[in-house]
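Enquirer: Could you slot chain B onto chain A? The hints should help.
In case you want the letters, here they are:
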Amino acid sequence: MRKFVYAAIVGLIGAGIVHVAILLLLPTMSPRDAWSRLAAQADLYQTTPYVTDSDVAGPAGIADPYFQAVACRFDLGEGVAHVQGSGVVPFWSASVYDRSGQNIYSLNDRSAKDEQLDIVILTPAQMVDMRKAPLEELENAVFVETPIDEGIVVVRGFAPDQTWVRKVADFLGAIDCVPETS
Amino acid sequence: MLNTVLAILLASSLAVAGGAWSLVSVLNNRQGTGALVVGAWTAFPKIGSPDADPYSKARTSREGILALGSAEGIAFSATTDTAGDALRAECSYRIEGNVPTSRFWTLVANGDQPAPERPARLPALNSQSVLRRADSSFAVTVAAHPAAGNWLQNSGTGPMALVLTIYDTNLTTGSEFSEILMPGIEPLGCDA
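If you're matching them up, the sequences are chains A and B in order. Numbering that gives the first Met the number 0 puts the first residue of the first sequence at 0, with every later residue one more than the last. Numbering that gives the first Met the number 0 puts the first residue of the second sequence at 0, with every later residue one more than the last.
One thing to keep in mind: the hints can contain errors.
What the hints assert, rightly or not - Subject to a maximum C-alpha distance of 20 Å in a straight line, what follows is the list of computed SDA-like cross-link-like pairs (lysine to any residue): (1) A:112 / B:2; (2) A:2 / B:129; (3) A:2 / B:1; (4) A:2 / B:6; (5) B:45 / A:104; (6) A:2 / B:45; (7) A:2 / B:102.
Said to hold, decoys possible - Quick list of simulated restraints, FRET-style, between CB atoms: (8) A:12 / B:132: 56 to 62 Å; (9) A:87 / B:152: 29 to 35 Å; (10) B:127 / A:146: 34 to 40 Å.
None of these hints come from the bench; they were simulated from the model. Beta carbons are placed, not taken as given, at the ideal position from N, Cα and C, and that holds for glycine.
Only chain B is shown next, with the shape it has when bound in the complex:
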């Protein structure tokens, strides 16, 4: 009799705890379903739309996200360089190449500092203030120290993410995702 009660308890607690834990761990893992990966960059083209998969929908609700619509833009984030090594705030990087056709884009660097130490305004650049070469490609240096050309100043130490958001682009309105070219991220060196 006692064995039966214990068995039922085991089964039900395993079901509740296991179900909740597995869902939370899937939702916290951002490389989820529906991701579009181009080089080091990852975007979720369908997130926040009615066509999104159930996991994206749950994530949107759980985190209170109001995602950009298809007429607005699409955000690509990178937490590694093109070679696959994690981005770190104390290191310098060169972001070089072209961005898909769009009206403008913004590039934001985000360290992993806790809220009080995070700068009020994150270091950022937008395409209207970026110098380009004759073939319209550009190079941005992400570094703590001043750099020639386009300079995105980062600060702090620890893991870093870069978010490149492309606004008013035909990417989100029907072009082939396989044709997307994104700038590469090359490491330049680190502060000791």
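If we strip away everything but chain A, and leave its shape as in the complex, we get:
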């Protein structure tokens, strides 16, 4: 009998260890994370519609019906990632996520030059190269320096009423997401 009481105590301590182990492994191993979902939809450097989840999600996860979004996965091993769009919409915002879906940088139209979407994502090493030999076509871009290799860019557009829906869709559909090498 004592043996079983002892086993139950060991089991409870083990449960705590398993709990923490899964908790810490989930962000790197989840098969349902955003990266895996987007990988099923489109290749690297292809923009694809992203259904905007509310970040707090009510009972079933609510997407903001006034928003449309596109996502593009990038791999900085292929060169710096350049995301560019043109056009006028009431509001757009862009976020850079790492491979596990952590938001590492975000900006909106007010924080961009001339309210135009033009972002370059690059590693610190690529930033050093870029300083030495700047690419002319990137001179107006916002540079996002991050220590990650793979990641996701999501651009969201706001359509306050029906008349904007088409324009926002066109703006998001025309977004370019390409690797650039110097």
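Expert: Quick look at chain B alone, frame taken from chain A:
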């Protein structure tokens, strides 16, 4: 000998099952760590950011969420009214007050209907189409029947959630969370 094997089996199955079950139940319970509660509204300012706690990080990965960044906005959700009673889709509510300084906000009502019965477009309002009073406060009536003033039409029955998302706000870029004022949610009545 058999007792020893059984004891080891008990210990290991308890560890695996107990660990997995406790983690899943914590992750499914949304009122978790890192929540910012203002009246009936709850937001997770740090979710999806590298500063988030391990539970928020696990939740983000498990549910495939790409959370709004600090330059984008912050979403507050409510599943109860200000008095603490659960929101129901067959009832009417009055949402009244002010929203923190921001460029615009959207308000979405979501019933708990299963996917096929859920409307393709959730009932929603945004600040650009909302009428305000002279002091910039507003009142929105959430009801199934038409209402005067700002009307958010809900439908169905059962539990309901309201999500108020505030875009391009200084809330997420350093102001004190304790100073936040959010609109109140008062019940008006229910359809029998």
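Enquirer: Does each hint fit the structure? Answer for all of them.
Expert: So, going through the hints one by one against the coordinates:
1. A:112 / B:2: violated (73 Å)
2. A:2 / B:129: violated (68 Å)
3. A:2 / B:1: Roughly 12 Å between the alpha carbons, so the hint for residue 2 of chain A and residue 1 of chain B holds.
4. A:2 / B:6: Satisfied, since the Cα-Cα distance of roughly 7 Å is no more than 20 Å.
5. B:45 / A:104: This hinted pair holds, its Cα atoms lying about 13 Å apart.
6. A:2 / B:45: violated (45 Å)
7. A:2 / B:102: Status violated; Cα separation ~65 Å.
8. A:12 / B:132: 56 to 62 Å: Hint holds: Cβ distance 59 Å, inside 56 to 62 Å.
9. A:87 / B:152: 29 to 35 Å: holds (31 Å)
10. B:127 / A:146: 34 to 40 Å: holds (39 Å)
The structure shown violates the earlier hints numbered 1, 2, 6, 7.
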